[in-house]
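Residue numbers (numbering that gives the first Met the number 0), protein chains in the order written: chain A, 0 to 286; chain B, 0 to 309.
Each hint should be verified, as a subset may be incorrect.
Just a few of them, taken from the derived set where beta-carbon distance is under 7 Å, the chain A residues facing chain B [to be verified]:
(1) 86
(2) 87
(3) 90
(4) 142
(5) 145
(6) 149
(7) 219
(8) 225
(9) 271
(10) 272
(11) 276
Since the hints were derived computationally from the structure, they do not count as laboratory data.
Only a predicted model underlies this, so the values are computations on that prediction, with no experimental measurement involved.
Backbone N, C-alpha and C fix where the C-beta goes; we use that ideal spot for every residue, glycine too.
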Amino acid sequence: MMSETLQLLINGLLLGSILALGAVGATMIFGILRFAHFAHGDFMTVGAYSALLFVSALGLPVLAALPVAMLMTAGVAVAVDQVVYRRIRRVAPVILLISSFATALILRSLVQMIWGSSNQVYVSGIQLPWRFGPITLKPDHLIIFAAAVVLVVLTHLFLTRTRMGKAMRAMSDNMDLALVTGIPAERVIMWTWAVGGALAAAAGVFLAMDTRLHPNMGWTLLLPIFAATILGGIGRPYGAILGGFVIGCAMELSTLIIPGAYKPGVAFAIMVLTLIVRPQGIIRGTL
Amino acid sequence: MELLGLLSYALFFLNLVGIYAILALGLNMQWGFTGQFNIGIAGFFAVGAYSAAILTTGPSEDWLGGFGLPFFVGIIGAVLITIPVALLVGRITARLRADYLAIATIGIAEIIRLIFQNEDWLSNGVRGIPGVAKPFGVGNGGYLVIVGAFVALIYVLVELARRSPWGRVLRAIRDNEAATAAAGKDIARFRLEAFVVGSCIMSVGGALYAHFLGFVGPESFRPLYGTFLVWVMLIAGGSGNNNGALLGALIVWMIWSATEMLAGLIPQALIGSPSAFRVLLIGVLLQVILVTRPAGLLPEKRPPLPGASR
């Protein structure tokens, strides 16, 4: 029982680091553009499949394909914003939301048309897991966790040390005040999409390393990502990271008492509870 | 033969248009009138379809069945089962802002689908419930009359609601919640009422769908078919306008069917998966509508205020 719990906790931290990377982007977009971006999970899918392009075509190792995939997905995110969202930004946030639902379907069907709808993996064959008593750990898990930590630290440095990062935080915090002080809104928005898209791509690649590639892979994680976003407080990247780990661990640990098929329900229940009890999220105050 | 095939396709097509028109009218009650952003249509659609299937089928060891009730009792039962579900969802989500409501409703719809997919004793899991017969032994033609009657009935009721003082309060809440609250209206109650009524309409659509196809399975209630197409219909037709909801259902289902033919014409080597290609086209269509005509083909026309001239 104890070792099973420990194993689930490890799985939960792994899932948590994937959710956290997705949630940072989602929360910044939510905070700055004021709408729930329903295509965020599909950015993850696009990222995972762009990496597959380089892994299978050029024979690159996955970690070498990761930065390219992040760049490509950042490009896709900025392009979607410029072509579609920018034109309807001033109408109403809900219109943006419907539009992002359409973007999600477009991206997913493109992935399915290019790569097909069957499961794929980066590297075939079985990885020998390390055994520590009853606990097993795959080498990939350590890589994912380490890479996620590096990305979170880089995001932190970007948000606190660069002008653009500070401007993004300011806009997410208090839009009117930020605009009055002369922050270049359009450029900040563009950077938000780029950063959000790149982090989502990383999350997608890690998810694919841990499990496999499938056109629906990102969409199925959208609800947990939103749960992490709301739990952490909208527009708060550090809250999103914390929220991601909480949701990830809760989802895995829940399998001790309920069937695994209902994992998304656990994320959802935590989210609804947050909305009712503490709508501002777990982290109070400013960033 | 050719003509007969065409006729039978037309009957099939129009039945589905009618069922989707009912879903769109239900959504119009929630989004068009009240501004409640429900993207969990598939959930209420599924509750209606499964309720009707369970209530009307004969005994089976594979799912909760054997009630063998008549068609109309099944429809009424579907609505009665939907009311507490919608009340619960509505109570949870009543105070949420539009985007939170969207996330919450899609989550609920997915959980409802997961329940039907995993609880074998209730719904036979992924295998679904077969043998949901059409009522009175009718074929597609006779069933079209029944579906048409339901569309007409629901249209009249929803249109009456829209013109009534109740409908005016809903629009007032949508347009300016603070002012409506200041006028002494109980916002939460009106929103909840509209949410439940809209959900029950969706549930009727689900029940009719179950009898039309003769089979219910969890695949039909994925967000794409259950929710997204209905949204495209309402947005394209013109939200807030019941005629728009009907027109949108017809046009979008025509386009959706046409994409099937179009996907069949293009060599598969070029597009990969035909079903993905159809989704791509309908997604692009929605983006074009949102960018160029966000009010839809038939924009909302407000009914005149009582006592106002013209």
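**Asked** Which hints from the list above does the structure break, by number from lowest to highest?
**Response** The structure conflicts with hints 4, 5, 6, 7, 10 and 11, although it agrees with all the remaining ones.
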